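Number of protein chains: 2
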Amino acid sequence: MTASHDVPFRLVIHGGAGAIKQSRLSAEREAAYRQVLTQSLSAGYDVLKIGGSCIDAVTAAIVVMEDSPLFNAGKGSVFSREGQNELEASIMEGSTRLAGAVAGVTTVRNPIRAAHAVMTKSTHTMLIGPGAEIFAAEQGLEIVDPEYFHTSYRWEQLQKALAKKQVLRDHDIDSNRPFTNNDKKHGTVGAVALDRHGNLAAGTSTGGLTNKRRGRVGDSSIIGAGTYADNRSVAVSATGTGEMFIRTAAAYQTAAQIMLLQKPIHEAADTTLKEISSIGGDGGLIVLNVKGDYAMRFNTSGMYQGTIGHNGIAWTGIFHDESEI
Amino acid sequence: MTASHDVPFRLVIHGGAGAIKQSRLSAEREAAYRQVLTQSLSAGYDVLKIGGSCIDAVTAAIVVMEDSPLFNAGKGSVFSREGQNELEASIMEGSTRLAGAVAGVTTVRNPIRAAHAVMTKSTHTMLIGPGAEIFAAEQGLEIVDPEYFHTSYRWEQLQKALAKKQVLRDHDIDSNRPFTNNDKKHGTVGAVALDRHGNLAAGTSTGGLTNKRRGRVGDSSIIGAGTYADNRSVAVSATGTGEMFIRTAAAYQTAAQIMLLQKPIHEAADTTLKEISSIGGDGGLIVLNVKGDYAMRFNTSGMYQGTIGHNGIAWTGIFHDESEI
Numbered sequence: 082m083t084a085s086h087d088v089p090f091r092l093v094i095h096g097g098a099g100a101i102k103q104s105r106l107s108a109e110r111e112a113a114y115r116q117v118l119t120q121s122l123s124a125g126y127d128v129l130k131i132g133g134s135c136i137d138a139v140t141a142a143i144v145v146m147e148d149s150p151l152f153n154a155g156k157g158s159v160f161s162r163e164g165q166n167e168l169e170a171s172i173m174e175g176s177t178r179l180a181g182a183v184a185g186v187t188t189v190r191n192p193i194r195a196a197h198a199v200m201t202k203s204t205h206t207m208l209i210g211p212g213a214e215i216f217a218a219e220q221g222l223e224i225v226d227p228e229y230f231h232t233s234y235r236w237e238q239l240q241k242a243l244a245k246k247q248v249l250r251d252h253d254i255d256s257n258r259p260f261t262n263n264d265k266k267h268g269t270v271g272a273v274a275l276d277r278h279g280n281l282a283a284g285t286s287t288g289g290l291t292n293k294r295r296g297r298v299g300d301s302s303i304i305g306a307g308t309y310a311d312n313r314s315v316a317v318s319a320t321g322t323g324e325m326f327i328r329t330a331a332a333y334q335t336a337a338q339i340m341l342l343q344k345p346i347h348e349a350a351d352t353t354l355k356e357i358s359s360i361g362g363d364g365g366l367i368v369l370n371v372k373g374d375y376a377m378r379f380n381t382s383g384m385y386q387g388t389i390g391h392n393g394i395a396w397t398g399i400f401h402d403e404s405e406i
Numbered sequence: 082m083t084a085s086h087d088v089p090f091r092l093v094i095h096g097g098a099g100a101i102k103q104s105r106l107s108a109e110r111e112a113a114y115r116q117v118l119t120q121s122l123s124a125g126y127d128v129l130k131i132g133g134s135c136i137d138a139v140t141a142a143i144v145v146m147e148d149s150p151l152f153n154a155g156k157g158s159v160f161s162r163e164g165q166n167e168l169e170a171s172i173m174e175g176s177t178r179l180a181g182a183v184a185g186v187t188t189v190r191n192p193i194r195a196a197h198a199v200m201t202k203s204t205h206t207m208l209i210g211p212g213a214e215i216f217a218a219e220q221g222l223e224i225v226d227p228e229y230f231h232t233s234y235r236w237e238q239l240q241k242a243l244a245k246k247q248v249l250r251d252h253d254i255d256s257n258r259p260f261t262n263n264d265k266k267h268g269t270v271g272a273v274a275l276d277r278h279g280n281l282a283a284g285t286s287t288g289g290l291t292n293k294r295r296g297r298v299g300d301s302s303i304i305g306a307g308t309y310a311d312n313r314s315v316a317v318s319a320t321g322t323g324e325m326f327i328r329t330a331a332a333y334q335t336a337a338q339i340m341l342l343q344k345p346i347h348e349a350a351d352t353t354l355k356e357i358s359s360i361g362g363d364g365g366l367i368v369l370n371v372k373g374d375y376a377m378r379f380n381t382s383g384m385y386q387g388t389i390g391h392n393g394i395a396w397t398g399i400f401h402d403e404s405e406i
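Heads up: the protein sequence lines correspond to chains A and B, in order. Counting from 82, one number per residue, gives the positions in the first sequence under the working numbering. Counting from 82, one number per residue, gives the positions in the second sequence under the working numbering.
In isolation and in its complexed conformation, chain A is listed as follows (with noise of 0.2 angstroms):
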């Protein structure tokens, strides 16, 4: 397919769902928080506007959100209970349904280059800890110090937890709340793009959960939970409580419904989060297909989200009263 200026294009973008309380979160954190989602979707932008791949776009959108320390990827990612940043993050691309994965990682700045890596350099799907950092070294990738990662904000996350001998889901943005096992606060990042040659990908990104077992992985890494790309059907990427989008296999599910019985994608989004919520987990979904249709779906109180298509216009979001669907 050649590719046309009048093929649509379109990249969505998240940047985690969770207990986002609007009265709480302070007009300038909103401000950085939207912020960061625009320099994402102008990064994905630069890429599809000039018939770049929906895979290369996918990327550079997730790694502005991994570089950034607010979002719960890369810098900025929270601590597991003894203290170390374990990443993973997944990649897929919807016309061969390559998929690319790694997990347990803690020196590679960019995870999601690393599951591209995986997906397109090597004749593995996934690969953790160790292994995939040697690797991503191999591969010539950005290779840091473990420190690098680190952010007081989710250090002081952590020795909260620890206190409280809980495990959480992150997005704090209400610093000053105790703690509680309700409080459900999802980072991770992730981005659906369509590109000018009519294929779909996905990617996610995240640095798991708040005082989790070492070794614990969750949705984020996990082809057919946290990412899924299916020209056939929609590119998906997943937040939430991973265990639960990986016992539902969230984002294939949500493909299959689409493809098995053409159901609307934001229809299908919300019965995954509905069975999804019915196990005890909630989060959020972005979902695109090849005709440039989009939906941000999540049964959290916000989620951090974005869009842009062809006509080049950024739009930002955080909570039910402005998603578009």
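Note that these hints are calculated values from the structure, not bench results. Predicted model only: the values in this text are computed from it and were never measured. Treat the hints with caution; some may be incorrect.
Each pair may be met inside one copy or between any two copies, as identical chains are not told apart.
Below, in silico cross-link-like pairs of lysine-lysine (DSS-like), each with a Cα-Cα straight-line distance of 30 angstroms or less [claimed, not checked]:
id: 1; residue 1: Lys355; residue 2: Lys130
id: 2; residue 1: Lys130; residue 2: Lys102
id: 3; residue 1: Lys245; residue 2: Lys372
id: 4; residue 1: Lys344; residue 2: Lys246
id: 5; residue 1: Lys245; residue 2: Lys202
id: 6; residue 1: Lys372; residue 2: Lys241
id: 7; residue 1: Lys344; residue 2: Lys355
id: 8; residue 1: Lys355; residue 2: Lys372
id: 9; residue 1: Lys372; residue 2: Lys344
id: 10; residue 1: Lys245; residue 2: Lys344
id: 11; residue 1: Lys130; residue 2: Lys245
id: 12; residue 1: Lys355; residue 2: Lys202
id: 13; residue 1: Lys102; residue 2: Lys241
Given the structure of chain A, go ahead and fit chain B onto it with the hints provided.
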């Protein structure tokens, strides 16, 4: 639901699908495989007969195959490029849809037990590497020296693969044949069970691929890819070219076709295998529903398989002309 002696129960197992050639399988070797398959069925049957849970039956059946050096799981696992045994396993229960998985484990004698412990004794769904091994030890599981898994047979497979610079799938019963990229020999073991309480469970365990990169994870520890269980549809365990099973979310895809389209189970499995084949992979699936209907489907020349129901008569098979469906 009260356990009733009239309620059917069933166990279906596989010991891997691959390029198993009847003409090259000595009578002694074939008998040895069938014997372990029968022991595995017997172990699971003993659990189900007295009203034990599907999860315990799946675990018992898989432990027998992990403990046998004949299968690429637990003892007898294949070696990575660096000469290490890196094991993975996953398990899932169909009424709660709780699941557990481990990957990158090197000292846990029975990875399926570790996956079971993750499911029932942690708040997580997947643990990898040292974190998984520490957890397994904390749970009192048997920890062994990494040398425990070593068999000269698998070590020789690695040496041949290194000499030819190939990554191999397993089940080499043609030890005199030169290895080629077209040799598709898949190890991995798995089981699906229906207990007297009407619940389904699925489990899978493997050593992965001969000469795999360090840290490579295949479908056997990925919920939705190698393992899935949902009372509303089916329990599934897969064996094959792991990367393609991940990319097609094979286990979940099989269940989704049944749940969303009410396809007969063998048809759903065949459709999944056809998609896997279309992206260059192959292997097999075992599938079981709450009525006790089951299927053992594979698009390789053979798949070590077996089943037993409440009449206590074990059936084992390897080749297509034996398969009951």
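Determine which of the earlier numbered hints do not hold for this structure and return their numbers in increasing order.
-> Failing hints, ascending: 1, 2, 3, 4, 6, 10, 11.
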